[in-house]
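Enquirer: Each chain is listed here by its residues.
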Amino acid sequence: METIAFKKIYTKITKITKATCSLQATGVGYDEMAEVNGRLAQVVKINGDNVTLQIFSGTEGIPTNAEVTFLGRPPMLKVSDDLAGRFFNAYGQPIDGGPAVEGEEREIGGPSVNPVRRIQPSLLIPTGIAGIDLNNTLVTGQKIPFFADPDQPFNQVMAMVALRAKADKIILGGMGLTNDDYLYYKNVFDNAGALDRIISFVNTTENPPVERLLVPDMALTAAEYFAFDKKETVLVLLTDMTLYADALSIVSNRMDQIPSKDSMPGSLYSDLAKIYEKAVQFPDGGSITIIAVTTLSGGDITHAIPDNTGYITEGQLFLRRDTDIGKVIIDPFRSLSRLKQLVIGKQTRADHPQVMNAAVRLYADAANAKTKLENGFDLTAYDERTMKFAREYSQNLLAIDVNIDTTGMLDKAWGLFAKHFSKAEVGIKQEFVDMYWPENA
Amino acid sequence: MMENKNRTKGVVSGIIANLVMVEVSGPVSQNEICYIELSGESLMAEVIKVIGKVAYVQVFESTRGLKVGNTVEFMGHMLEATLGPGILSRNYDGLQHDLDKMDGVFLKRGEYTQAIDPNAKWDFKPLAKVGDAVSAGSWLGSVKENWIDHKIMVPFKFEGSYKVKWLAEAGNYMASETMAVLEDENGKELPVTMIQHFPVKLAIKAYTEKPRPYRLMETGIRIIDTLNPIVEGGTGFIPGPFGSGKTVLQHALSRQAEADLIIVAACGERANEVVEIFYEFPHLDDPRTGRKLIERTTIIANTSNMPVAAREASVYTAMTIGEYYRSMGLKVLLLADSTSRWAQALREMSNRMEELPGPDAFPMDLPAIISNFYARAGYVRLNNGSTGSITFIGTVSPAGGNLKEPVTESTKKAARCFYALSQQRADSKRYPAVDPIDSYSKYLEYSEFQEYLSEHISVDWIDKVELARNLLLRGKEANEQINILGDDGVPIDYHLRYWRSEVIDFVILQQDAFDKVDSSTPLERQQYMLNLVLNICDTSLDFDSFEEVNPYFKRIINLLKQMNYSDFKSEQFNNFENELMATLNERKAA
Ligand SMILES: Nc1ncnc2c1ncn2[C@@H]1O[C@H](COP(=O)(O)OP(=O)(O)O)[C@@H](O)[C@H]1O
Ligand SMILES: [Mg+2]
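Same order as they appear, the protein sequences are chains A and B. Mapping the first sequence onto the working numbering, position 421 (from 1) lands on 439, and the numbers just tick up by one. Mapping the second sequence onto the working numbering, position 210 (from 1) lands on 226, and the numbers just tick up by one.
The reader is advised that the hints may include incorrect statements.
[Unchecked claim] So the derived list for chain B, only partly shown, Cβ under 7 angstroms to chain A, looks like this: (1) L82; (2) L115; (3) V121; (4) F122; (5) L123; (6) G259; (7) G502; (8) E563; (9) K570; (10) Y581.
Read the hints as simulated data drawn from the structure, not as lab findings. Just so it is clear, CB atoms sit at the ideal spot from N, CA and C, and this is done for glycine as well.
Construct the entire structure; sequences and hints are all you get.
Expert: Here you go:
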């Protein structure tokens, strides 16, 4: 409430753990920021006049007589159009050598949108990648992660999607990004002439892990400024959310909380949902779309991090190397865009939903045939055909290096159907078969 | 409601996220509501534990900026639902604040809007007479709310018996006006308006008995109505990993189920899924009344980014509203997506209070909490002899899709229908991905329900359903054998068995939720299709080699699917059926 003319300095720390310190202090607000010997910290617990602070960069070397001042405010970001084209650290301080950004100070991690004020997402985001546009169509206002093992080229795919998405602003939230990957993003955006549309908040592997916890909220506060105040279409890239969750577990662990599955805090679902639910289509045209990366360990999606993520996001894009064709594909089984039905067959050709499903069903038949083969059984003629189909489908449509428009994808799929199957085997609604079955095939 | 002079006061003495310790200067009770003052905002909270002079309260808001020393006022009552005409078509948050009445695009902390407009006017018709003996839940009169005869009842908080001393005449009244004056046994007079309040954590028990439910509740979903039927007043749950179709199935239920009104509790899930209802329901017709679906629907939205503590409250608020309408003799369908999020909210809080955790760090009393909640659903006979029901179907989101976890296991003990969604079926796009082998409806074992089905569908209906189930099971076994021994390592009959089960799977079980015709199948059509499919399964067919079986059945399935996509008994439908019969005759054994 009151503006503090000069700040009281505390110098008696009573307890120090790996991530937190405690002291006696009064008049402190929950979530308030503080400085401990110049390091930024945040109030995480108040018990009477005993206040516990989480020090973002860790407590190494903090003495019991460290100088503690409270800043009287939660973490903030100054927002203005000057954010565009700039690179910041997790605290929102410039790391590109440029001047500090002037603008209105906003609390990060602010309130949620009233659900009745949301607009139903309805604008298709074309990417040219058939594994996305055909099978898992993206829509503005959506939130969706790539699920990928660390050795998959998710940063490349994400940069490609971002550039093709034609957003007014692309906001990169990097968490535990290697310096090389950070420079890769910078380069790709620079080469595409897109740097003035990019805003980055980056915590690299060289920075303390707990600082990462600020990155999504920083990125999304900037996103809300451009999407809500400026009515722009904003794409937020968050990579890698697994490292974000790891930082959460470090903190809860050091605060002696009872861990739930996979030593993650019991609040993991709520913590992640608060971030992802910032994706929104605003009533006046602006939107925030979130594309994230959740790295898996050994493809395990039942681990608490991908599992909770899948329950929150509007689908997931599963990257997998198809050894039959030697390329990375978007796996049609495990991938899903939950918002696709809002646009497919409406903003794309009417046969889109049925073609998509038929192709995936036939691809599943091929997977069964493959299992049969691996178990040493003879294949039927139908099995053979599904396997041929699957190869071509993977090569021509699922591979991430495909770049065509949706109508082209649909025509290609019909071509593959006619080449390998009878109409009954494909089992699509008669009216579409009449219209699109290539008779000369 | 106006006894504020004796309210207990307190001051904040500690804060851990949304758990706040309050030092109190008077009596407080468990689950009592309080408001914490913070720079002109009041934050609503609920007492969840008391030790000595310290009340532990869970705050239904962000506690950012809260300080030790902030003042607290206790309200002397538990969290209550506001009950009266005007609830239908509303969009509430978990604490029943009207979301549409809030200002701005973003939610504001401490902005609490009224659930019911006290000044709205309603056309009142008396149902009771002066001199009538009445008790809690008795119908005093009725007003038209959309198409429903909304009963104005003796408040549920009134204990004992009363006499109607005065009753308003038919006419147009504001919801807050006195509609009746009741006299208790000691001659004390009590005014009654159209609006009453009742604690959400307590069950409304204004009925004489809770008989076993026995009437089918049609949903238009074949795998439910035909194979695993739910009844009016029944309970069911839908567990499944993410993306397996829980929400799509619940939305289909909310659109199609044959209920008088639907209450949807969006509990800790995605906001865009609620937006879908906001967008679609005003345009979709309720086939039974010809009115718009939104007119029979109330939404309680506590989405995943809204305050966690209100998640738990949201399902109770929804249940209390359901009980209120049930007491009017209506058929209520209550849907909650997802009950796991509510359990997780309990876990977060129990964790902050450093309670001894049960399995997976959930609170020890989770099974009791879940079973008490499901027990509030049911079919009841009211004091005046009419009946009402709450059918409750909740989704469960098991961690890692593994059904051996506390929420699924506790729910399995409490709910009578089990609609297990299978990852495998979802992966191969066999929607709805309800596992036909694992799922069940216990109601099929109720003799009352069996009689109902014989009478309303056909005498041999249950036998046919059993037969279909058997064929599915035998098909599955045959398929396992084929996979072990190879296509040519088994008799042709195994292939036939497998493909017969595939016919049932593709034509009866699978249903396209997004197709105009296929999405909802009336019972008559379900009966027709099951008979047709069983006929096909019963037909002996001749094949020379197993290689002929697959393409032949693909044709059969394709024709049946085309029938599913066509209007029932339309020319198109009949043409496909004729073609089907011709195809069947090609291989009919002599
Ligand atoms: N009956 C159905 N028909 C067609 N598609 C379905 C059906 N059920 C689910 N789906 C598909 O699966 C996706 C996920 O379903 P959803 O109900 O949101 O899953 P869950 O709630 O279990 O996470 C949907 O977006 C849709 O694409
Ligand atoms: Mg869902």
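Enquirer: Are the hints correct? Go through all of them and say.
Expert: Hints and how they fare:
1. The interface hint given for L82 (chain B) holds, since its Cβ lies 5 angstroms from the closest Cβ of chain A, which is under the 7 angstroms cut-off.
2. A distance limit of 7 angstroms between C-beta atoms decides the matter here; for L115 (chain B) the minimum to chain A is near 5 angstroms, and the interface restraint holds.
3. Against a cut-off of 7 angstroms between C-beta atoms, the interface hint on V121 (chain B) holds, since the closest Cβ of chain A lies about 5 angstroms away.
4. A cut of 7 angstroms between beta carbons decides the hint on F122 (chain B): the least distance to chain A is about 5 angstroms, and the hint holds.
5. Given the 7 angstroms rule on beta carbons, the hint for L123 (chain B) holds: about 5 angstroms separates it from the nearest Cβ of chain A.
6. Contact between G259 (chain B) and chain A, as hinted, is supported at the beta carbon level, the nearest pair being about 5 angstroms apart and thus within 7 angstroms.
7. With a cut of 7 angstroms, the hint placing G502 (chain B) at the interface with chain A holds, because the nearest CB-to-CB distance is about 4 angstroms.
8. A least Cβ separation of about 6 angstroms between E563 (chain B) and chain A falls short of the 7 angstroms threshold, and the interface hint therefore holds.
9. The beta carbon of K570 (chain B) is positioned within 7 angstroms of a beta carbon in chain A (closest approach about 5 angstroms), and the interface hint is therefore held.
10. The interface hint given for Y581 (chain B) is met, as the beta carbon of that residue sits about 6 angstroms from the closest beta carbon of chain A, less than 7 angstroms.
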